[in-house]
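Using the sequences and the hints given, assemble the complete structure.
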Amino acid sequence: METLTRDPHAPTQKKFDIFGFLARFAPLIFLIVLMSAFAVFEPRFLTPLNLFNILRQVSIYGLLAVGMTFVILTAGIDLSIGSLVAFAGLAAAAVSKGGLANRFTVGAGEAAASYPWYLAALAAIAVGVAGGLLQGFAITRLKVPPFVVTLGGMSAFRGAALLFAAGGPISGFEPNFVWMGQGKIFNQIPVPVVIFLAFAVLAHVVLRYTRYGRQVYAVGGNPEAARLSGLNVRAVVTSVYVIMGFFAGLGAFVLSARLNSAEAVAGTGYELTVIASVVIGGTSLFGGVGTIFGTVIGTILIGVLLNGLVLMDVSAYIQQIIIGIIIVLAVAFDTFAKSRQRVA
Amino acid sequence: MEPLLRMMSIRKRFPGVQALDDAGLEVLPGEIHALLGENGAGKSTLIKILAGAQQPDSGTIEFAGQNVVMLSPHDAQRRGIATIYQEFTLAPNMTIAENVFIGREPGTGFFVDWGKMAAETKAITQRLGLQMQPMAAVRNLSVAEQQMVEIARALSMKSRLIVMDEPTSALSLSEVDKLFRIARELKAQGLSIIFVTHRLEEVMEICDRYTVLRDGRLMGSGSISEITIDGIIRLMVGRQVKALFAHRDREIAGDVVLKVEGLNRRGNTQDQNATVLADVGFEVRAGEILGVAGLVGAGRTEMARALFGADAFDSGRIIIDGQEVHIRSPKDAIGHGIGLVPEDRKQQALFLALAVRVNLSMASHKRILRWGVFIDETAERTMVEEYRKKLNIRMASQDQLIANLSGGNQQKVTLARWLALRPKVLIVDEPTRGIDIVAKVEVHNLLFEMAQSGIAVVAISSELPEVLAISDRIITMREGRVTGQIKREDATEEILMSMMTLSVKPT
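As they're listed, the protein sequences go chains G and Y.
For the first sequence, the numbering used here gives the first residue as 1, with consecutive numbering after it.
For the second sequence, the numbering used here gives the first residue as 1, with consecutive numbering after it.
Calculated from the structure, these hints are not laboratory results.
Please note that the accuracy of each hint is not assured.
[As the list claims (entries may be wrong)] Just so you have them, the derived chain G footprint on chain Y, three or more residues with Cβ under 8 Å: (1) 342-348; (2) 359-366; (3) 373-387.
[Stated by the list, open to error] The calculated DSS-like cross-link candidates involving lysine-lysine, where the alpha carbons are at most 30 Å apart (straight line), are: (4) Y:K259 <-> Y:K366; (5) Y:K346 <-> G:K143; (6) Y:K331 <-> Y:K389; (7) Y:K389 <-> Y:K346; (8) G:K143 <-> Y:K331; (9) Y:K424 <-> Y:K390.
Ideal placement from N, C-alpha and C gives every residue a C-beta, glycine not left out.
Now the structure itself:
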């Protein structure tokens with residue numbers, strides 16, 4: 001039989017696809033435009049000091065957003081992270097102060113037995129991971145939608161934090177702990193920025209180059225097809241909430257260090273900023289599409305916006321309105337570019 | 001006779017692709033018109049333009065003697081053109097009546113007149129010769145019944161032209177008959193119908209005239225009575241496809257690879273006590289293609305899914321290479337060398353937002369791992385290239401999104417996903433559904449080649465010519481039971497049909 005080779009879908013001549021380019025780099029382009037605008041109107045904006053300042057301000061949101069990217073890639077959501085941050089931060093603080101009994105001792109080093117910073121970090125991460133695991137199980141075993149499970153988590157973890165703190169903040173940690181949040185490397189680069197970027201790179205490698213990363217995209221893109229391809233969908237879904245929990249714990253540790261204090265009302269409202277960062281970065285709430293690079297850009301974009309508006313003396317109320325509008329515009333721009341990009 | 005619809009010199013360009021280039025379509029009043037062409041020929045784009053869902057770059061549309069511009073789907077509906085897409089647009093949690101009158105509920109002011117809505121729905125369904133409860137929820141209807149609701153909706157809008165995109169692809173034979181009866185009835189009432197389809201036998205049976213598109217161009221149009229299937233295929237592919245559905249006789253001497261005994265499953269989503277699978281048993285040899293024929297709902301897909309671990313079953317033994325195996329998940333099945341190409345490509349096989357390369361390698365990551373964790377992209381690209389060549393997959397690059405491939409090439413990628421796993425048993429469920437005729441022949445050849453290489457192939461198909469063409473041996477199923485077994489050379493469509501429809505004799 002003759003071979004039937006005829007291709008109605010042969011690629012047409014290669015031309016530069018402007019919308020494809022825009023679609024790919026929409027958040028980055030948006031960020032550059034915004035930064036250029038601020039640089040023109042406000043000379044103080046484009047100084048190294050200010051830029052590092054912005055990065056430092058966004059580094060905790062950024063850590064959480066990296067974790068949230070995994071969750072949203074599977075078409076999930078985690079509303080509990082603000083509460084989990086508060087709870088995990090208190091755990092780190094209590095460990096740093098030498099345990100539960102000593103947790104309300106005031107001032108650095110006054111506690112009888114102050115534990116080192118890494119044990120504090122471990123405690124925060126353990127709480128975060130446990131919280132994530134619990135929610136992951138509820139989602140995959142009890143089959144309750146992520147929105148509902150983590151809405152419950154949002155309330156439950158906040159309650160746990162309030163109970164644990166018994167009303168007051170825990171503050172005054174040993175210097176090494178505090179350095180993790182306030183220190184600078186080479187007298188220039190804030191430590192939280194280094195932590196944020198290091199973990200962002202790690203997460204990027206995991207998502208882009210590992211088998212696990214492939215599975216996250218597959219489960220998010222089409223869970224049924226993923227299952228029929230032999231993937232353990234439940235395990236993958238559970239794992240992204242554990243990863244989110246890990247980053248919530250890490251973020252809580254850095255936050256406590258930076259403030260030299262932990263309290264039960266910390267992290268309130270973080271979930272919305274973090275979800276906004278991820279979505280601005282081009283990750284689809286429907287799952288299967290998105291990158292860590294986009295999330296980092298999205299996070300920085302929100303930081304730049306806030307910083308620039310503060311420098312320009314825009315009132316805090318108006319800032320909120322502008323940020324709300326920018327979130328919608330950024331995603332609209334992304335959607336527009338994607339709809340116009342050349343197929344294939 | 002003046003045509004009801006005349007579309008002329010329609011052009012439509014999408015970024016990177018000239019979807020329509022001087023396409024045309026003329027439909028007479030009171031006829032059933034077949035719109036034909038391979039996937040990618042421009043049929044979908046043409047009907048979307050007709051439905052107002054897309055705007056042409058140039059060209060004219062005349063409807064009922066007037067020059068019209070279809071601004072939106074609503075506009076097209078208002079003029080009397082209703083389109084029933086492959087994916088229905090019904091709201092599953094609402095009633096039949098609500099769906100029929102959605103957006104046009106009868107009533108006064110703010111309030112819906114439920115009685116009137118139900119009565120009118122009843123009247124319309126009776127006009128179609130159907131017994132339907134207007135207040136029943138659409139969710140509980142079969143695919144065929146949902147299609148009838150779509151048709152009822154078209155009638156309630158006083159449509160003069162109904163466009164149906166692949167209306168028979170998900171229907172059983174008796175449901176197809178029913179649909180055809182209704183189509184003839186509507187025709188007798190003076191409506192025109194456009195059928196977009198791949199099934200040429202059906203075209204010959206039901207349609208009055210045809211229009212063939214190829215690469216966005218009008219290739220030919222005329223009366224069905226003056227053309228043969230071969231003639232239509234020539235117009236569609238631009239050459240004569242020889243040996244379509246031709247069988248190759250082979251000697252099967254391999255060992256039994258897969259043996260199934262007493263597979264039982266009770267209960268589905270609607271009925272806990274329904275018999276889904278009853279005492280299903282068969283065996284397949286290495287190098288053999290076992291065809292599985294049966295009407296829709298006969299339990300073929302359920303049998304495949306049970307074997308593959310996609311659905312649980314109550315009892316039964318699965319024996320591979322003489323060893324009984326326990327399969328509780330697709331992962332287990334894959335571990336035992338079983339692959340499944342599912343019936344619904346888009347819902348169950350493809351990751352539309354991911355690249356061809358990623359789709360192809362999804363089940364065989366183990367082959368391309370480095371340090372147990374990382375995907376070795378170089379090895380992956382080599383592997384994908386190997387299967388691209390072997391299966392003649394047409395794509396711009398490995399990084400192209402699979403969503404942008406034609407149905408036939410998507411199906412080849414799905415097949416390649418399992419070949420890459422080097423399975424012992426490959427189950428294919430409706431391997432050529434919704435793909436064009438050229439790709440269909442290629443898929444058939446691929447199934448032969450897989451069998452030649454020693455894979456035991458189980459091929460489920462609703463198209464009897466296909467079953468007869470590709471199988472070495474055929475089993476038939478009905479109501480969850482295996483009703484018969486026959487060698488390919490002894491089988492004809494008539495024999496198979498009687499085996500599929502006769503009730504089982506107790507043994």
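To see whether the hints hold, each was checked on the structure:
no., hint, result
1, 342-348, "holds (count 3)"
2, 359-366, "holds (count 3)"
3, 373-387, "holds (count 4)"
4, Y:K259 <-> Y:K366, "holds, 27 Å"
5, Y:K346 <-> G:K143, "holds, 24 Å"
6, Y:K331 <-> Y:K389, "holds, 28 Å"
7, Y:K389 <-> Y:K346, "holds, 23 Å"
8, G:K143 <-> Y:K331, "holds, 21 Å"
9, Y:K424 <-> Y:K390, "holds, 18 Å"
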